[in-house]
Structure formats: C-alpha cells, structure tokens
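Enquirer: Sequence:
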Amino acid sequence: MLFVICCLSFVVCHLLFVVCHLSFVICHLSFVICHLSFVICPLSFVLCALYDQS
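In my numbering, each residue carries its 1-based index in the sequence shown increased by 114.
None of the hints are false.
With beta-carbon atoms standing in for the labels, derived distance ranges: (1) L157 to V118: 55 to 61 Å; (2) C141 to C120: 30 to 36 Å; (3) V125 to V160: 50 to 56 Å; (4) Q167 to V146: 29 to 35 Å.
In short, the hints are calculated from the structure, not lab data. The beta-carbon is built from N, C-alpha and C at its ideal position, and this holds for glycine as well.
Produce the entire structure from the sequences given, and follow the hints as far as they go.
Expert: Shown next as structure tokens:
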C-alpha cells in the first residue's frame, strides 16, 4: 500500500513538474509574442508614414 502511495505521489509530482515546465514555456512564448508586437507596431507606423509620403 505504501509503495502504491509512493508511486502515485511520484506520478503526481512528475505531472506537476511537467505542468510547471509547460506554464514556464507558455509564459516565455507570450513574452516573446508581446515583445514582437512592440517591435512590429512601431515598424508598421514607420512603414505607413513612408507610404503616405511616397
């Protein structure tokens, strides 16, 4: 019985670790996406301004 509980707790621990890792990856991805939008938005304004001048 103790062995089963130990195994279950190990599985739960492993699952939590995977979820934690996934959330870290997702968080990192969302940060990258936000950073990209901050770069792309000013670029689009510059491109629009150049297009208006031409």
